[in-house]
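Asker: In case you want the letters, here they are:
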Amino acid sequence: MQGDAMRVDGNAMAGVLGEVFAQEMTSARIACGGCGKVEPVGAEHAYTQAPGIVMRCCHCDRVLVVVTDVEGTYRFGLGGAKWLEFG
Amino acid sequence: MARAAVRGRLSWTLAEVVELVDETAKVRSVVLDVPEWPGHRAGQHVDVRLTAEDGYQAQRSYSIASAPEDRRLSLTVEGLADGEVSSYLVGELQNGDTFELRGPVGGYFVWEAGMGGPLLLVAGGSGVVPLMSMLRHRQAAGETVGARLVYSSRSWEDVIYRDELERLGSASNGPEIFHTLTRSQPPGWTGYARRVDGAMLAETAWPVSAMPTAFVCGPTPFVESVAAALVLLGYPATSVKTERFGPTGG
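In order, the protein sequence lines correspond to chains A and B.
Per our numbering, the first sequence runs over residues 162 to 248.
Per our numbering, the second sequence runs over residues 119 to 368.
Don't read these hints as lab results, they were simulated from the structure.
Cβ atoms here follow ideal geometry from the backbone N, Cα and C, with glycine treated the same way.
Hints are supplied without guarantee of correctness; some may be wrong.
Residues from chain A shown here face chain B by an in silico Cβ test under 7 Å; the list is partial [stated by the list, open to error]: (1) M167; (2) R168; (3) V169; (4) D170; (5) N172; (6) A173; (7) A175; (8) G176; (9) E185; (10) T187; (11) S188; (12) A192; (13) G197; (14) E200; (15) P201; (16) G203.
If the Cβ cut is set under 10 Å, some of the chain B residues that face chain A in the computed set are [said to hold, decoys possible]: (17) V223; (18) Y226; (19) V341.
Beta-carbon label-pair distances, calculated as ranges [what the hints assert, rightly or not]: (20) Q184/A x G309/B: 41 to 47 Å; (21) T308/B x F182/A: 48 to 54 Å; (22) G233/A x P156/B: 21 to 27 Å; (23) G248/A x S302/B: 49 to 55 Å; (24) A211/A x G292/B: 41 to 47 Å; (25) Y235/A x S302/B: 43 to 49 Å; (26) Y174/B x F237/A: 43 to 49 Å.
This is chain A alone, in the form it adopts within the complex (with noise of 0.2 Å):
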């Protein structure tokens, strides 16, 4: 419950991503790397409370995107996600 009730919306990525990229992000596509299913960057889960920032599938909760920000040097774990689709 303690972390179901931390979940929020991949839209709460809007901002990190907005650093990053020169697109808008959360309606970019992310294919799950697991069951393969395709949503909205902004309609996946993501938890933002850890010392990363973390996006799991909203179908099956694979992670799907790590984000960690250490002294201004970003890294993107990207390794859950089959691929990102945006442009």
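Fit chain B to the given chain A structure using the hints.
Answerer: Same frame as chain A, but now just chain B:
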């Protein structure tokens, strides 16, 4: 190491407080002057960053309350007892103060005149803020597509934008507004007095045949139960857009 600002990408800018409006005992609107504000779309939010004297930084997202047509950018913030950013914005901020802001951001939880509808807006508490931006925009743009707001508050005193909602609702072509008061009701209250549930939505939501678009915003458990109830009523999941605040906001 400071991150260089890149053209076309977001970076932090300084916003100045020009007006503070107490909406309820715990909720305040912060009207801002933001140099070179690029404009926004109804439903978008901004990130706010506060820096303490010792360099400690705290960052939160807040929905934009004003319409794109409004002259000034306005945020509405609920002060939470344990919210290190919100308690400052609601309790200590004064006219002329400045803080860092990044935005507008978000393109998913957005509605603009011409995007069709009808609109079903469902708000829990301060989840009404981005939906108010949509209603203000709808009014300012002269959009006639139908709009309904189902708005859950704890008590009548906790209803944010109470007077403005009444004015909007009584205007010709104004939105239909359904309040529900979950904890206490004023004497003679004839409206709903329980949490938003499937039966309430069956009475208030547009029929699926009208091809409505739903925007649901509030605390995470509220949003998830409302979204599930709408899907049970037959709303396609893709027609229900959600913005979860998490357990509190902050």
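Asker: Given V223/B as an interface hint, is the shortest Cβ-Cβ distance to chain A below 10 Å?
Answerer: 3 Å, holds
Asker: Closer than 7 Å between Cβ atoms is the bar; does A175/A clear it against chain B? Give me holds or violated.
Answerer: Hint holds; A175/A Cβ to chain B Cβ min 3 Å, cut 7 Å.
Asker: The hint names R168/A as touching chain B; please verify it with the least Cβ-Cβ distance against 7 Å.
Answerer: Hint holds; R168/A Cβ to chain B Cβ min 5 Å, cut 7 Å.
Asker: Okay, Y235/A versus S302/B on CB: inside 43 to 49 Å?
Answerer: Holds, at about 47 Å.
Asker: Are N172/A and chain B close enough, Cβ to Cβ, to be under 7 Å, as the hint says?
Answerer: Holds. Min distance 5 Å.
Asker: Have a go at the G176/A hint: is there a Cβ in chain B nearer than 7 Å to its own Cβ?
Answerer: Where the cut-off is 7 Å and the nearest Cβ of chain B is about 4 Å from G176/A, the hint holds.
Asker: Please verify that hint: D170/A, Cβ, nearest Cβ of chain B, below 7 Å or not.
Answerer: 5 Å, holds
Asker: For the range 41 to 47 Å, tell me whether the beta carbons of Q184/A and G309/B fit it or not.
Answerer: Holds, at about 43 Å.
Asker: Is the hint on G203/A kept, meaning its closest Cβ partner in chain B is under 7 Å away?
Answerer: Holds, because the Cβ-Cβ distance from G203/A to chain B comes to roughly 3 Å (cut-off 7 Å).
Asker: Between A211/A and G292/B, is the Cβ distance one that fits in 41 to 47 Å?
Answerer: 43 Å, holds
Asker: Against chain B, is V169/A within 7 Å by beta-carbon distance?
Answerer: With Cβ-Cβ at 5 Å, under 7 Å, it holds.
Asker: Evaluate the given range 43 to 49 Å for the C-beta pair formed by Y174/B and F237/A.
Answerer: With Cβ atoms ~25 Å apart, the hint is violated.
Violated hints for the displayed structure, listed by number in ascending order: 12, 13, 14, 26.
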